[in-house]
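Peer 1: Going down the list, the protein sequences come from chains A and B.
Each residue of the first sequence is one higher than the one before, counting from 1 in my numbering.
Each residue of the second sequence is one higher than the one before, counting from 1 in my numbering.
Worth flagging that the hints you see were computed from the coordinates, not collected in a lab.
Incorrect hints may appear among the rest.
[Stated by the list, open to error] Far from chain B, some chain A residues (derived; all Cβ distances over 12 Å):
| id | residue |
| --- | --- |
| 1 | Y27 |
| 2 | D47 |
| 3 | N77 |
| 4 | K196 |
[As the list claims (entries may be wrong)] Cβ pair distances, simulated, as ranges:
| id | chain 1 | residue 1 | chain 2 | residue 2 | range |
| --- | --- | --- | --- | --- | --- |
| 5 | B | E63 | A | K160 | 46 to 54 Å |
| 6 | B | G323 | A | E146 | 27 to 35 Å |
| 7 | B | E63 | A | K162 | 51 to 59 Å |
All C-beta atoms, glycine included, are put in the ideal place defined by N, C-alpha and C.
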Amino acid sequence: MKQLIISIGREFGSAGHEIAERLAKRYGLPLYDHNLLDEVAASHNMDSQELQEYDEMKHNKFLYRSINGMSSSPADNVANMQFNFLLDKAEKGQSFVIVGRCSETILKDYEGLVSVFIIGDMESKVARVQHLYGKSEKEAERFIREKDRKRKKYHDSRCKSKWSDSHTYDLSLNSSKLGLEGSVDFLADYIDRRMKGTK
Amino acid sequence: MIAQILAVIIFLAMFILIITEVWERHIVTLGCALLTLVVIFGICMHSPSAIIDTLNLKTFFTEAFWHTTGQASESSGGINWETIVFIAGMMIMVEGMAKSGFFRWLCMKIAKMVKYQIIPIFITFMVLSFVLAMFIDSITVILFLAAVTVELSQLLKFNPVPMILSEIFCANLGGSATMCGDPPNIIIGTSLGMSFSDFVTNTGLIAIVCLVAVVIYFYLVFRKELTSNAVTKNPADYPDPSEAITSKGGFVISWIIFLCAVVLLVTHSQTGLTVSCIGVFIALVTLLTAGRDALDLLKKVDYKTLLFFVGLFVVVGGLEKTGILTLLAGFIGTVSGGNLKVMIAIIIWVSAIASAFIDNIPFAATMIPVINSLAATQGIEISILAWALAMGTDIGGSATPIGASANVVGIATAAKSGHMIKWGRYCKSMAPATILVILISMVMIYVRYLP
C-alpha cells in the first residue's frame, strides 16, 4: 500500500481536528494530535504529563538559548521529540493523520504527504467554540484569537514557512462553506486524486 | 561624543540581538561590525587608521604572530586573529578526533574501568569532563560525555540528569584551568601576552582546588538520586569500548595529534611558538593525515563561530577606540576607591553574574581593555585582575541554563532521552556550586596575590 500522510493545520474553532478524525476513520489510519506526546513519552519510558505543558508552545527568547541546533528550552525539546517521532514513522513508510505540529513542513520531503490547512468564518468558529466550551460570544472570539496567535508563534518560530499561509500547504479550505461532511468529502476526493498520482 | 554614544548603542544592540536570536549571532556581530567601521570610524571619527588598526590584518605578517622570543608581547587590539586562528585549528583537530570515535571510546573505557558502578562513573566522569575541557572546547566534551551518560543511564537504569549537570559544571571549570580551555581565556591570554603555563599555575591551581570542592558538593547533593534500579547484569552484556572506534588508524593518529597539541601548548612559552602557530600546525597535521576525509573535516568547521569572533572584536574595538572602556575602567577605579580587594571582588562577581545571563565571550573581550586601563591607571599588576576576570567569566556561566554553551548542549542531550531540565531543576544545584567556586576563587586570589 502507498504511504499516505495527511497533515492537517487548522485555525482554532474551524473543526480542523474533527475533519482530521473523520479522515483518519475513512482511511483507517492512526490519528496523532495531542496524543502524540503519550506515544513519545511511552517510547522514552516517561510520564507524558511532564511533556504536556510544553506542547505546541513557543519559548521565551530571554530565558533560553540555542547552540548549533540544540536548545535549552523544554518547549523546543518537546517539539523536536515529536518531530523526530513523526520523521521516524514516515521513514518507516507508515501512513497516518497528523494534526498540527509543523508536520506539513517537517514531512514535506515525503511523497505521500498531503497537507491541508483548515480555516473558517469567524461567526462559524465563534458559534462552534461557544457550543463546545460554553463561552460568551466575546469570550469565544478572544479565545480563538489567542489560540491562533499561540499556534502561529509556535509554528513560525520553528519553520521558515508561515502558519496559515496558503504557500505552506497543498490546499487551504474554508470549512464553513461546505460544512463538516462536505469538507471531509471534498478532501477525500482530493486525497484520492493525489494518491492516484503518486508512484 | 557622538561616536561614543553610537559605539555604546551598537554594542547594546548587538547584545540584545544575540540574546533574542532574531538572526544568527555571527550575522549580528558582523552587521554591527560593519556599522562600527562605517559609521563610527568612517563617518564620525574620519579615521582610516582606526579601521586599519581594528581589522588588524597586518598581524599575520608579523613574526610575533607565529613566534615570540623571550617575554610574550601584548596584542595590539582590534580583531584578535591569534584567538581565531587557534580556535579554527582546534576545531579541525577535534573534528578529526570525534570522527575516529576517540571521545566515545574514552568515556566507555572509563565506565568499564570502574566496572559500570554508578557513583564511581559519576566521579570519574566529572574528572574526565574537567581534564578534557582543559584542552578541548566544552561543547564537544559535553556532546560526547552527556550522550554516553544517557546511554549508560538506560543500561544501568539511573536518572542521568544529576550526572549531566555535574559534567557540565566540571567542563566549564576545566575550561578555566588553561589558556585554551575556554574562549575568554584564549582572548585574555593572547591579548595580555600570557602563556599556557601562566594560566595553569594560576587559574589552573584555583580550578583544581575548586574541582575537589565541587566533586564533594555534587556527591553530597546528588548521591540519593544516583541509585540504580537495574538488575545486576553480566559484564559481558555491557558495550565494548573498542566498538566506538570507527577507524583504528585514525584513532591512533588522533591520540598522537592530541598529545602533540597538549605538549606544544604546555611548552609554548619555552619554544616560543604562539598559540596561532600551534593552531595552524595541528590543523595541517590533522588534514594531512585525514587523507580523503580532509575536505569533510574542513566542511565541518564551525565557520559561523569564527565569523562571530571577527565581528565581535570589531564592535569591542569601537568601544575601545572611542574611549568608552577607559571611562568604564575609571568608574570601577572610583567605586572601589583604589582598593585592590574591592576591585577584584567587583571584577570576579560582576563577571560571574553577567556571564550567568549573557555570552561570556563578548563580555570578556569587552573587559580586557577595561582591566588593562585599570591596571595602568591604578598601578596594579594586570595578571591579578586577569585571573579574577577569567574565573568570573568561565565559572559564572555555569549558574543558569543559558550561561554557557556546554549547559545548552547538556540540557538538549538530556531532553532527547525525555529528561527535561527546567530552570528550577538546573539552578537548584548549579547556582550554589557556582557561588561556592567563585568564593573559593576570590579567597585564593586574595591569599595568593594580595600583600
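Peer 1: Non-interface claim for A/Y27: all C-beta distances to chain B beyond 12 Å?
Peer 2: 31 Å, holds
Peer 1: 27 to 35 Å was suggested as the range; check whether the CB atoms of B/G323 and A/E146 agree with it.
Peer 2: About 49 Å separates the Cβ atoms of B/G323 and A/E146, which means 27 to 35 Å is violated.
Peer 1: Does the no-contact call for A/K196 survive, Cβ to all of chain B over 12 Å?
Peer 2: 39 Å, holds
Peer 1: Does the beta carbon distance between B/E63 and A/K162 stay inside 51 to 59 Å, or does it fall outside?
Peer 2: 55 Å, holds
Peer 1: So A/N77 supposedly isn't at the interface. Is its beta-carbon more than 12 Å from every beta-carbon in chain B?
Peer 2: 3 Å, violated
Peer 1: Holds or violated: is the Cβ of A/D47 farther than 12 Å from all Cβ atoms of chain B?
Peer 2: 9 Å, violated
Peer 1: The hint says 46 to 54 Å between B/E63 and A/K160; measuring C-beta to C-beta, is that right?
Peer 2: With a Cβ separation near 48 Å, B/E63 and A/K160 satisfy 46 to 54 Å, so the hint holds.
Checked against the numbered hints given earlier, the structure breaks hints 2, 3 and 6 and satisfies all the rest.
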